[in-house]
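Residue numbers (the numbering used here), protein chains in the order written: chain A, 26 to 329; chain B, 105 to 414; chain C, -14 to 567.
These are computed hints drawn from the structure, not numbers from a lab. Accuracy of the hints is not assured; some may be wrong.
What the hints assert, rightly or not - From chain C, some residues computed to sit far from chain B (all C-beta separations above 12 Å):
#1 Leu73
#2 Glu115
#3 Ala215
#4 Gly226
#5 Glu254
#6 Ser309
#7 Val394
#8 Val423
#9 Leu474
#10 Glu478
#11 Leu511
What the hints assert, rightly or not - Derived DEER-like restraints, expressed as beta-carbon distance ranges:
#12 B:Ile145 to C:Thr71: 41 to 47 Å
#13 B:Gly347 to C:Leu212: 21 to 27 Å
#14 C:Glu525 to B:Val251: 31 to 37 Å
#15 A:Lys142 to B:Gly347: 23 to 29 Å
#16 B:Leu240 to A:Val50: 17 to 23 Å
This one's a predicted model, so the numbers in the text were calculated from it and none came from an experiment. Virtual Cβ for every residue (Gly too), placed ideally from N, Cα, C.
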Amino acid sequence: MKQVNYIKRTPSGTIFDIVNVSLLVALSFLLLYPFWNQLIISLNDGLDAQRGGLYFWPRVFTLGNYEYIFKTAGMLRALGWSVLRVIVGTSTKLFATGMLAYITTVSYFSFHRQLRKMFLITMYISGGMIPIYLWMIKLHLIETFTVYWLPSLLGAYEMMIIASYIASLPDAMFESARMDGAKEFKIYLNIVLPLCVPVFAALGVMVAVGHWNSWFDIMIYNPSGNYDTLQMELRNILIQSDKVKKLMQDATVGSDAVKSAAARITSQSMRAATMMIVTIPIVAVYPFFQKYFVKGISIGAVKG
Amino acid sequence: MNHGAIGKYALWRRRLGRERELWFWSGLCIIWWVIFFLIPIYGIVYSFFNYTPGRALTWDRFVGLKNFISFFQSRDAWKIIRNTLVISGLNMTVGFMAPIILALQLDELRHGLFKKTVQTISYMPYFVSWVVVASLAIALLNSDGVVNEVIIKLGLSDKAIPFLTEGKYFWGLITVLNIWKTVGWSTILYMSAIAGIDQNLYEAGAVDGINRWGMVRYITLPSIMPTIVLLFILSIGNFLNLGYEQNLLLGQSTTREYWEIIDTYVYRYGIQLGRYSFSIAIGLMKSIIGIALVFIANGIARKYTQYSIM
Amino acid sequence: MTMKRILGILLTVTLLLTSASFAVAEEVGDIELTGEVNQYGWAVPKETLKIVYYSCDDDATDQQEENERLEEVAQIMKDEFNIEITKLIYSQDSTERLNMMLASDDYPDVIVGLTDAMANTFIEQGRAVELTPYLEKYGQNVLATYGEYINLLREDDGSIYKLSSCAGNTTDVMGRDFSIRWDWLQEAGLDVPDSFASYHDAIATLVAQHPTNENGEKVYGFSAFTLEGAELYTTPLLFLGFYNAPTGIYKLNDDDTITYWVDTDEGREVAHYINGFWQEGLIDPDFQTKDYDTSVAFMSSERVAGNIGTWWHNFTGGYQIWMSTEDNYTDDKRMANLTWEETDATPNLITNNYIRSNRVIITDKASDPAAIMRYFDWQQSPLGIAFNSMGPAGEDKAWTIDENGDIKVDEKYWYGDPDDPQFLWDDFEENCGNWNYVMTNPGYTPVNREDNPSEGWASPVATVNMWDLTPDYSLLDPDRISIGNLMFLYGMENSTTYLTDMTAWNTTFSSEDEEAIILQDVNDALLTDWCNCIMAETDEECDELYDKMVSDLHSLGLDQLVEAQQETVSENFAKLDGSYWD
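With the rest of the complex left out, here is chain A (with noise of 0.2 Å):
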């Protein structure tokens, strides 16, 4: 971000600063209505949302949906699950991923490019679910937490973010550093990781949310439910109210799906409210991490 002070106030920059608040305005509006939208579904009664016509604020409002879903047992187990899944993912793939990058930033080191081109192309190709899953219970990653974090330890989306972050740090910090003797690994956590703070930042929310919404590894490696996380019990849930509404839309179904559908919690609002559940903790946590990347960093300072 310029500092302020360097920048003349002049007309034409207010009339460009007085547009572009009204854009961004705006733009938030049509960003964060569906969004509010959903929120007021979730606090309002399930058949009356079946009515249609909720635009600003609740019409019936209740807590029932929020109260069914954390009446299900196993909620507080499965936000452990997440919370663990979550630190531990993101810790160990940024450190991992940022130690490989390095590597393949240092240009003396002979490999380094193959290196980059070896891990850039698993990006873009798979062997498959199945045989990936075959692998798998070779490797006895059924059923463990491990499965979570140490199959996409390395990622080559940020491996090739921070290798361009670090590439555009100037050579004669890690040069002097070699000169006094420094282990690369050393060199790694004492320099390295101080200055990537702010793409450290960035990438650690994304990595973080793709662990906390993550629900399709847990379904196939770890089924039997003891590990589900957040993200898993609320689609167990969401799947069980859709599935009325799926037998619904068969025209010759009995009676059975038209009794559940006596049940005032209906699978448009479990939605909204499992989204809630789902989204409001990032928002919440996120501006402790936008921070670090909106702050801007002197390279000056460090050189000296």
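Please arrange chains B and C on chain A, whose structure you already have, making use of the hints.
Relative to chain A, chains B and C alone:
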């Protein structure tokens, strides 16, 4: 200098010694790569066979390139490819520039709280599932929806415009929604890149008398250009991967010739019909094209700009 | 003795022993019983019967550990039955999970709820156990349930490898219908519509009388509730006596051949009929984009005067919501279900598929298929059905067994709980542990209706259908009837059930069949062309677009599809009467 055979060996040994530590760490990475990437890759071999899970792979089920060719033999193959290219093209141009512009706009804001708020709001759509997005979009664009109401009131048209049921609107619609959903999230990396710009540069620029627009043009943009090029090249590898969910949700039966893309086709005619080898084959084809595009794009970048990612 | 002689004797003895064991294996051994028979009619075995099964249809929130009611049932099964059952549930798509099981060669003893195609895959790979000898010895109840329909599950050589996971007749309900706003109809003083033409006029009149709803939004004749307008040709055609087969709607000709509906005159008439509504602006222009939730909102905000589709859309979109969210609600405000006979042909408004589309197999991982078959068999007995559908018997439970061994269902089933207006039979049943370890569900099989199967379906303890216990529905006190059951009462006022047995039309395409692709192509093109056709602005345009639809479908391979369906139907009829194996 002529090193000779012994000299070369000595050079190699010296290099190995110097690089010993790096070889250790990259050795670990390579082991991981072999375990979690290389070994499962054998799965692509299924695309050359008529594979059913559970049945051992024997040579009599070998079909060569049949799975690949069968895609091109389908009736609408060229329409499908056209749609994929158009939608992806729109994503890579308009969709790619949008987060950059938004990041620059946000950077121009002075008020810290407003900036933080807007940025937080901007990525919320990322968490709204496509099911919800589609149903909201449909509700808005229906013939009795808000958008048509406004259009008729303003006199821009005397009848409701069939945004959802006439094919020619689909490409624009899906691009707008794609951007809506991902623009805020994509700005995160650009914001981080902007945050890393040396403030001294701006100071120097101010001293030289550059105005605000000049700051952006001569300092901000060039400084984040490596990030922009990097993200562009990386995303071009996914040129053919668009995901099937949004097209299936937003597409209607009367607009199908505009929304059927490779991914929806593979989903409906491959996975849903149990044609496993077929889906693998198309996936493999997309992977190869994607990787090729990445290397080509990088080559072009290296030749004509000074940025290269490998 | 020389080595040679010893070897000779050894060989002979081994040969004798192996052939003896073969002989034994061909016969199904007896299961050791303790001699005790529990209150549910189960003969308790000496050895604990252990079954691990995968239920494809259930979703993960039923997972056993989290469900106390299943624990109670599991305990009873252990104590009173000497059976231990482990139910596996995955929240993943079942075909995906089954493919993974096949690839890793790791699957449980029994798999319930597979699709027919998936069952065939297991059988082809030799992973399913042949059930024929076990059915002979232990499965008499099962065979009785199926009757002649078991022939449809036989392989080409007559052996049986798969059963249906729910065999029985469909509940006798209205099926598809034309519906109309009852209170508006009464207000307008019109007669109840009994033909396509009178329905059209009634709808037009009602819309003219009610042009907008309370919020000033436009009211239409009808929308498409789901399925993007497919019901708009399906329902009228079924009224005309067409058949709703798995590969499409067909007309059965006098010479027993079938014609796909677009090739018939009636098809064109239906297109013009619906197009007529469109030209008068009576169809919601957004009918294509309606998903289930939006349709419900549309109907419940009173923007349609009618609906062409199925009886139960009207319940969820109209009656249920109005009744539970409006003050001063009166029963007249509902969508009335209407059926009639348009021509001499009997309508086919609801299809009966006796063997449904899901299968059960016993896999080669099972150690004792005979004992498992005996369990299946017990599940098909009346007490077995009661136990599995309503949980254990008891005073505070959903049912009891009286002195004569008869089944008595708690009265709350019909009347609800007088002390608790929110009482739901479903919850009551669930708390008693219903539908817990069902593997072969006998469905809604009539117990004593062999003479006239089309009249009233019920299992003696049906949780769905109580006609068998209360033959005359109108005898029940309407003020005490629960919501879901009340809907049947209203539904039967102006509609009749027209149940058709379509079991012989069952068709399964494997992933390698070309017909599977053609079916998908045809369905896609059909929907696109049909929507365009009914949205035509003039009659001539409608004809043109109809012709286009016909030619499009034929160029996609419709003839091949029809041939495949024809073949399947003839084959199945031959199987049913046994002539297939002559």
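Hints and how they fare:
no. : hint                             : result
1   : Leu73                            : holds, 18 Å
2   : Glu115                           : holds, 18 Å
3   : Ala215                           : violated, 9 Å
4   : Gly226                           : holds, 27 Å
5   : Glu254                           : holds, 22 Å
6   : Ser309                           : holds, 23 Å
7   : Val394                           : holds, 40 Å
8   : Val423                           : holds, 26 Å
9   : Leu474                           : holds, 34 Å
10  : Glu478                           : holds, 33 Å
11  : Leu511                           : violated, 9 Å
12  : B:Ile145 to C:Thr71: 41 to 47 Å  : violated, 36 Å
13  : B:Gly347 to C:Leu212: 21 to 27 Å : holds, 24 Å
14  : C:Glu525 to B:Val251: 31 to 37 Å : holds, 33 Å
15  : A:Lys142 to B:Gly347: 23 to 29 Å : holds, 26 Å
16  : B:Leu240 to A:Val50: 17 to 23 Å  : holds, 20 Å
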